[in-house]
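Protein chains in written order, with UniProt numbering: chain R, 1 to 80; chain X, 1 to 433.
Because the hints were derived from the structure by calculation, they are not lab data. All figures in this text were calculated on a predicted structure; none of them were measured in a lab. It is possible that some hints are incorrect.
What the hints assert, rightly or not - Calculated cross-link-like contacts (lysine-lysine; reagent style DSBU-like; alpha-carbon spacing at most 30 Å):
| no. | chain 1 | residue 1 | chain 2 | residue 2 |
| --- | --- | --- | --- | --- |
| 1 | X | K106 | X | K345 |
| 2 | X | K16 | X | K248 |
| 3 | X | K248 | X | K266 |
| 4 | X | K266 | X | K114 |
| 5 | X | K266 | X | K344 |
| 6 | X | K17 | X | K345 |
| 7 | X | K155 | R | K75 |
| 8 | X | K266 | X | K417 |
| 9 | R | K24 | X | K17 |
| 10 | X | K344 | X | K106 |
| 11 | X | K16 | R | K24 |
| 12 | X | K106 | X | K248 |
| 13 | X | K114 | R | K24 |
| 14 | X | K213 | X | K106 |
| 15 | X | K155 | R | K24 |
| 16 | X | K106 | R | K24 |
Unchecked claim - Below, a sample of chain R positions facing chain X; criterion: calculated Cβ distance under 7 Å:
| no. | residue |
| --- | --- |
| 17 | L9 |
| 18 | S13 |
| 19 | V20 |
| 20 | I67 |
Beta carbons are placed, not taken as given, at the ideal position from N, Cα and C, and that holds for glycine.
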Amino acid sequence: MIITISIVLILTSALMVLLVLLHKGKGGGLSDLFGGGISSSLGGSSVVERNLDRFTIGTGVIWFASIIALGLLLKHGHHG
Amino acid sequence: MLTAFTRAFRTPDLRKKLLFTLFIIAVFRLGSQLPAPGVNTGAVHRCVDVVSKGANANVYGLVNLFSGGALLKLSIFALGIMPYITASIILQLLTVVIPRLEALRKEGQAGTTKITQYTRYLTIGLAILQGTGIVAMASTGNLLQGCTEDLLWNKSWFTIVTMVVTITAGTSVIMWLGELVTDRGVGNGMSILIFTQVVAVFPSEFWNIYKTKGGFVFAIVLIVGIAIVAGVVFVEQAQRRIPVQYAKRMVGRRMYGGTSTYIPLKVNQAGVIPVIFASSLLYLPSLIVQMWHSSNPVATFISKYLVKGDHPIYMALYFLLIIFFTYFYVAITFNPTEVADNMKKYGGFIPGIRPGRPTAEYLDYVLTRITAPGALYLGLIALVPMVAFGIIGASQNFPFGGTSILIMVGVGLDTVKQIESQLQQRNYEGFLR
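Build the full structure now, drawing on both the sequences and the hints.
Pasting the structure below:
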């Protein structure tokens with residue numbers, strides 16, 4: 001059980017990194033990190049971006065759930 | 001002030017943005033509390049208690065400040081925003097060295113997007129490195145020295161790999177959350193997340209001072225803190241306006257130009273970045289010494305002078321580094337020759353000064369002079385926590401410490417200005433009058 005969830009977690013983690021890197025980076029670098037100019041975001045997101053967002057959120061939910069499950073299992077397995 | 005808030009919330013567009021930002025912050029804080037799978041939370045908690053009373057409390061204080069307490073909890077967002085900041089700093093420094101990056105930066109929008117993309121890749125790389133380091137230190141017990149309990153339930157390599165991968169993914173999620181806020185929320189996402197981390201440790205720090213020092217010291221701390229915040233706001237807003245006159249031009253049958261504007265040169269053009277640079281640079285040697293327990297002269301020198309924040313040599317070094325980095329960063333971000341050339345191209349000039357090279361020299365002269373008080377101010381503000389540490393014996397991460405206060409005020413002002421500009425688009429009075 002622990003191994004299955006660990007594998008799921010590793011896979012979703014890798015997928016998560018990949019999906020985030022696929023997003024277009026918004027807001028450039030350090031200069032507007034602290035008190036830079038006002039970055040304007042013109043135009044809405046395209047269909048591709050929106051689907052990517054949905055997919056990322058879905059993966060994120062699975063990722064989050066498997067972290068909690070694995071955390072509980074490891075803790076429980078230790079006691080029991 | 002309050003009416004402005006209600007107005008902000010009554011504007012549907014703005015309300016959506018504010019609520020979205022709050023939601024992301026909530027997700028971020030939740031992730032910062034959730035321990036990575038395999039961490040023995042109880043043991044970590046007890047160990048942190050032991051260590052924060054020990055000799056190395058300074059280093060942990062700084063680490064904790066930047067990660068909002070997430071690192072010492074070994075949470076899934078343990079690395080926080082640090083890898084992204086480090087990656088940005090590295091790329092920023094590399095643009096000076098590598099011609100290709102400089103060419104990209106001059107290209108404008110497309111080039112900047114590319115540099116941002118490089119920053120993101122580098123962030124993931126750094127996250128893997130730092131994540132491995134932290135998990136390895138946790139498993140060998142080096143992370144929290146002076147504590148003998150096992151921080152992990154299970155030290156098989158499989159569990160450790162899972163933790164590293166999870167923490168790396170956590171860092172990428174933080175990056176995404178920040179970008180989402182920049183894109184659809186209010187203000188710059190990354191700085192808002194840092195702001196959250198810094199503010200998050202405040203209440204417990206305050207409570208600590210109240211508990212250990214009593215009501216009187218607490219009141220003094222509060223008053224001094226508010227005075228410092230007021231001072232920081234004052235200096236952050238200060239700028240010198242250099243008048244620029246644009247000549248009238250005829251293009252076809254229409255008149256252009258003939259307006260007079262100004263170039264604002266802020267006293268503190270560099271923002272908080274010099275302080276962050278300096279503190280992360282000074283933090284490195286003590287971290288290295290902690291990882292390798294060697295006793296050669298360099299290591300003893302470092303552990304004698306550079307680990308303790310209240311040592312005069314450390315303070316002096318910190319101060320000098322901040323001043324150096326202030327000038328360095330202003331030189332990177334503001335290029336007088338470029339500004340002068342642009343002005344010349346559009347027929348602008350500073351009254352009394354010829355366009356072209358004399359203008360660039362004049363701008364350089366003014367900027368160098370105005371940065372001097374700015375750099376001194378940054379250095380002094382950053383030293384406040386250390387001096388306070390000496391005087392009242394408060395903990396190193398005295399809440400009104402330089403870095404945290406600069407980050408708080410800087411980000412706060414910026415965000416309020418953005419909300420304000422959004423409000424003014426709809427003809428409402430803003431927050432700042």
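Hint by hint, here is what the structure shows:
no., hint, verdict
1, K106(X) / K345(X), "holds (17 Å)"
2, K16(X) / K248(X), "violated (44 Å)"
3, K248(X) / K266(X), "holds (28 Å)"
4, K266(X) / K114(X), "holds (28 Å)"
5, K266(X) / K344(X), "holds (22 Å)"
6, K17(X) / K345(X), "violated (39 Å)"
7, K155(X) / K75(R), "holds (13 Å)"
8, K266(X) / K417(X), "holds (16 Å)"
9, K24(R) / K17(X), "holds (20 Å)"
10, K344(X) / K106(X), "holds (18 Å)"
11, K16(X) / K24(R), "holds (22 Å)"
12, K106(X) / K248(X), "holds (28 Å)"
13, K114(X) / K24(R), "holds (10 Å)"
14, K213(X) / K106(X), "violated (54 Å)"
15, K155(X) / K24(R), "violated (37 Å)"
16, K106(X) / K24(R), "holds (20 Å)"
17, L9, "holds (6 Å)"
18, S13, "holds (4 Å)"
19, V20, "holds (4 Å)"
20, I67, "holds (6 Å)"
Hints 2, 6, 14 and 15, counting from the list given before, are not met by this structure.
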